[in-house]
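Colleague: One-letter residues, chain by chain:
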Amino acid sequence: DGGITQSPKYLFRKEGQNVTLSCEQNLNHDAMYWYRQDPGQGLRLIYYSQIVNDFQKGDIAEGYSVSREKKESFPLTVTSAQKNPTAFYLCASSISGGAGTDTQYFGPGTRLTVL
Amino acid sequence: QKEVEQDPGPLSVPEGAIVSLNCTYSNSAFQYFMWYRQYSRKGPELLMYTYSSGNKEDGRFTAQVDKSSKYISLFIRDSQPSDSATYLCAMSVRNNNDMRFGAGTRLTVKP
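Protein chains in written order, with my numbering: chain A, 1 to 115; chain B, 1001 to 1111.
FYI, nobody ran anything at the bench for these hints, they're computed from the structure. Backbone N, C-alpha and C fix where the C-beta goes; we use that ideal spot for every residue, glycine too. Hints are not guaranteed to be accurate.
[As the list claims (entries may be wrong)] When the alpha-carbon atoms are kept at most 20 Å apart in a straight line, the in silico EDC-like pairs for lysine to aspartate or glutamate are as follows:
| hint | chain 1 | residue 1 | chain 2 | residue 2 |
| --- | --- | --- | --- | --- |
| 1 | B | K1042 | A | E24 |
| 2 | B | K1056 | A | D102 |
| 3 | B | K1042 | A | D38 |
| 4 | B | K1002 | A | D38 |
| 5 | B | K1002 | A | D59 |
[What the hints assert, rightly or not] Ranges of calculated distance between the beta carbons of each label pair, as one might list FRET restraints:
| hint | chain 1 | residue 1 | chain 2 | residue 2 | range |
| --- | --- | --- | --- | --- | --- |
| 6 | B | G1016 | A | R13 | 44 to 52 Å |
| 7 | B | G1059 | A | K83 | 40 to 48 Å |
| 8 | B | A1029 | A | L27 | 27 to 35 Å |
| 9 | A | S67 | B | R1077 | 42 to 50 Å |
[Stated by the list, open to error] Residues of chain B clear of chain A, computed beta-carbon distances all greater than 10 Å:
| hint | residue |
| --- | --- |
| 10 | P1008 |
| 11 | L1011 |
| 12 | P1014 |
| 13 | N1022 |
| 14 | N1027 |
| 15 | E1045 |
| 16 | Y1049 |
| 17 | E1057 |
| 18 | S1068 |
| 19 | S1069 |
| 20 | R1077 |
| 21 | S1084 |
| 22 | N1097 |
| 23 | F1101 |
| 24 | V1109 |
| 25 | K1110 |
Put together the whole structure using the sequences plus the hints.
Modeller: As C-alpha cells, this is what we get:
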C-alpha cells in the first residue's frame, strides 16, 4: 500500500517543549515538503527537500527544523522558538522538485496543540 | 493584499446543482494552476491541474484559467453529497517550491 504516513495524528505540547512530527513515504519520491495550515489561511510552506541530505527554507521556516537523512523520511521539529505553533501540519511528496509542478501527494496531517 | 484570494464560503447547494468555485490572484507570473479537494481532517488531494490559460475537463469537473483577468474557476456539474469538502486553489510560477494556496472554500452538497 503506497502513500504518505504522518504520526501522530494529534499531538499536545507544553509551552517551551520541542516536538518532532514524523513523515514517511514509500512512493520513492525525491522531493518532500512540510506545510502549515491555519483556519482562514492557505497552506504555507515551512521547509522542502529536493533530495536526500539537502533541504531549503520555505516561507515560514523560523522556529522549525528538519532533516533528510533517508529518502523516505522527512521529520519536522517544532522548537520552542516557534511563537504560535498550534496548527494542522501537512507533509507532502512529489516525484521531483524540479521545474514544472508534478503532483504533490499529501499525508493525513498532524494536529498540534500547544497547551 | 494576499497573492491568492478565495472566498471561504461556506457554500451550500442541493444535490445535482452546478457549483462554481473561484480564485483571484495578483502575481501575473503564475503559470501553473491547481485545484485540491480536502475532506475534513484529511490531507488535500489534487483534482485538476492546468498549465497557462484555457479550460480542462475531467468528468464532472471543469477548470478554467483566465490569465488576462487573473481569475481561475472550478465548476462541478451534477454535484453529489460526496463532493462536500473544502476546495483549495493553488498556483505557482516555476515549481512546487513556490506554490501559493488560497484559503479554501467549504462546500456542502445537501441530498
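Colleague: Would you mind marking each hint as holding or not holding in the structure?
Modeller: Structure-based check of all given hints:
no. : hint                          : result
1   : K1042(B) / E24(A)             : holds, 16 Å
2   : K1056(B) / D102(A)            : holds, 17 Å
3   : K1042(B) / D38(A)             : holds, 14 Å
4   : K1002(B) / D38(A)             : holds, 15 Å
5   : K1002(B) / D59(A)             : holds, 14 Å
6   : G1016(B) / R13(A): 44 to 52 Å : holds, 45 Å
7   : G1059(B) / K83(A): 40 to 48 Å : holds, 44 Å
8   : A1029(B) / L27(A): 27 to 35 Å : holds, 30 Å
9   : S67(A) / R1077(B): 42 to 50 Å : holds, 45 Å
10  : P1008                         : violated, 6 Å
11  : L1011                         : holds, 15 Å
12  : P1014                         : holds, 27 Å
13  : N1022                         : holds, 15 Å
14  : N1027                         : holds, 14 Å
15  : E1045                         : violated, 7 Å
16  : Y1049                         : violated, 7 Å
17  : E1057                         : holds, 18 Å
18  : S1068                         : holds, 22 Å
19  : S1069                         : holds, 20 Å
20  : R1077                         : holds, 23 Å
21  : S1084                         : holds, 18 Å
22  : N1097                         : violated, 5 Å
23  : F1101                         : violated, 3 Å
24  : V1109                         : holds, 22 Å
25  : K1110                         : holds, 23 Å
In this structure, the earlier hints numbered 10, 15, 16, 22 and 23 are contradicted, and the remaining ones agree with it.
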